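Make the full structure from the sequences, and use the hints.
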Amino acid sequence: MSTLTGPRPAEAIDTAGHRLYWAVVDCWTVVRRGLLHYVRQPTNIAWQLGFPIVTVLLFGYVFGSAMTVPGGGDYREFLMPGLFGMTMAFGFMNTAYAVVLDSTKGVVDRFRSMPMASSAVVTGRGVSDLIAASIDLLVLAGMALVIGWRSNGGLPATLAAFGLFLLLRFALIWIGILLGLMVPNEEAAGSLFAVAFPFGMISSAFVAPSLMPDWLGAIAAWNPVSSTVTAARELFGNPAAVGDSWVEQHAMLMAVVWPLAITAVFLPLAVRRFQRLSR
Amino acid sequence: MSIDYAVRAEGLQKRYGRTQALAGCDLAVPYGSVCGLLGPNGAGKTTAVRVLSTLVRPDGGRAEVAGFDVTRQPRQVRHRIGLAGQFAAVDEVLTGRQNLEMFGRLFHLGTRPAKRRSAELLEQFDLAGAADQGVKTYSGGMRRRLDLASSMLLAPAVLFLDEPTTGLDPRGRNEVWRAVRSLVSGGTTVLLTTQYLDEADQLADRVAVIDAGRVIADDTPTALKNAIGGARIEVIVGEAGDLPAAAKAVARVTTAEPETDQDDRRVHAPVSDRVAALTEVARALQDQGVAVEDIGLRRPTLDDVFLQLTGHHAEAETAP
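Heads up: the sequence lines are chains A and B, in that order. So the first sequence is numbered by my numbering: it starts at 9 and just counts up by one. So the second sequence is numbered by my numbering: it starts at 18 and just counts up by one.
Note that these hints are calculated values from the structure, not bench results. Accuracy of the hints is not assured; some may be wrong.
Unchecked claim - Covered stretches of chain A, going by a simulated chain B footprint (3 or more residues, C-beta under 8 Å):
(1) 30 to 40
(2) 45 to 51
(3) 116 to 126
Computed from a predicted structure; not experimentally measured. Quick reminder that beta carbons are idealized off the backbone N, C-alpha and C, glycines included.
Have a look at this one:
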């Protein structure tokens, strides 16, 4: 076998410019892999969206007639931005699951033993998850339009609202990577649902916090998901049922502050955890 | 340290909690040779490979791979090594070809050379027919071969194989062995870990026996087997009282002192001319009217090597 006649790349020139170049190229290669997964398993998108779609039927049509929106307004109009927010909130499980699969199967070790930019393992995951989240939002928005949801905020505001959803999803990538590196196996990753469920539900996504018991309403109001959802409702021009608390009054501000704060805390933790793999 | 060695480790130390995985591990593998790292579970084989392939930083000691320090020059090392671990570290969803092309890009081969090299490797590893099927549909042997191919994309100077055949059926094992042999004939230096003496015997020029994080013997497979004495004859008698008579019969065919095991009513000793020894012992026992429960020849195992070298059995302890 012609082992030693195989290709030998030029020795990596170790300048900052080269590093940046390869960090971007390697990130794209890892992103391509994530996209190939969707191409090879298109049903995955259906599975991922199964829960939000069932939730729309449940909340929109089964419980919907019993739901009231404080301050008035159509419940389904209120519901749809909540559903977008919940889908983003649950997204960190997809990140964690993909990371745990790669690290238990040795793919992360293979990457780390290669001369690629090691940052690409993390950034590639993040970018492909954001692309997947955009596809999720697109499909959900299509479904929302079918059942009669509309954005009355005009194009710039509508895009800004979707931008806020993706900003939340971006922040949760780091929590997902951290958890994915911490849990020992796939089964444990599955049990993360016990964390995701209250995180997505105890928020303003389905019911206005002002209708909950005081203590629970306070928790729901301070949930980062609530700020994003309420801000998006305002941008879409949907009924928002904004409560009196400071955090609800400043939803637009908090929809930006929360994701940035989460990123500031969890990005370094995730990177540190990744670097500690060599210990 | 000299450049003449593809792998050179001196006094490697690594501790995980209360387990001392490496306790001053020394290793020297000349270029172009195959070194088998032989030891039971938990002996430190995997940790040694992880240190040498830059995945884990050692607590102490130093190591050079292909002339570069693994802790200070990991990038240079990574350009020159291939690693195939205990699990086939390939993407299950992608096809074999997509896997190789992705890893090729990440090795910075460039898109077209990566495609070309992938096609070449698929051919060499006998995977061309299944190249465009998802890895999910591959057999265990095929996955390992794809894993091997992935670690060969750069034509590495040094290839680390961590238990390359563990969990494979005999056929898959043969497939992997064949693939490794052809890599070696191309000039790659290979460091492979294994729990099986016969695997080391099949593939390695030298065998380093590792126990409790330290290399306790480093020799050719033949020399190691000679040290244990090749095959052993083993007699199990019906009555413990017959053990001395059995020992006497066995003593006639061996140059070493026969070992007697009271609890198992067993006498065993190394022999060189295996069939002649078996016939002679059987006849002697029959002449003396000893009731024999079992008599036979046993090939030396990892456990024998360990008993010989360390005085204790190769117990499978908890892996790190």
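Going through the hints against the structure:
{"no.": "1", "hint": "30 to 40", "in the structure": "holds (count 6)"}
{"no.": "2", "hint": "45 to 51", "in the structure": "holds (count 3)"}
{"no.": "3", "hint": "116 to 126", "in the structure": "holds (count 8)"}
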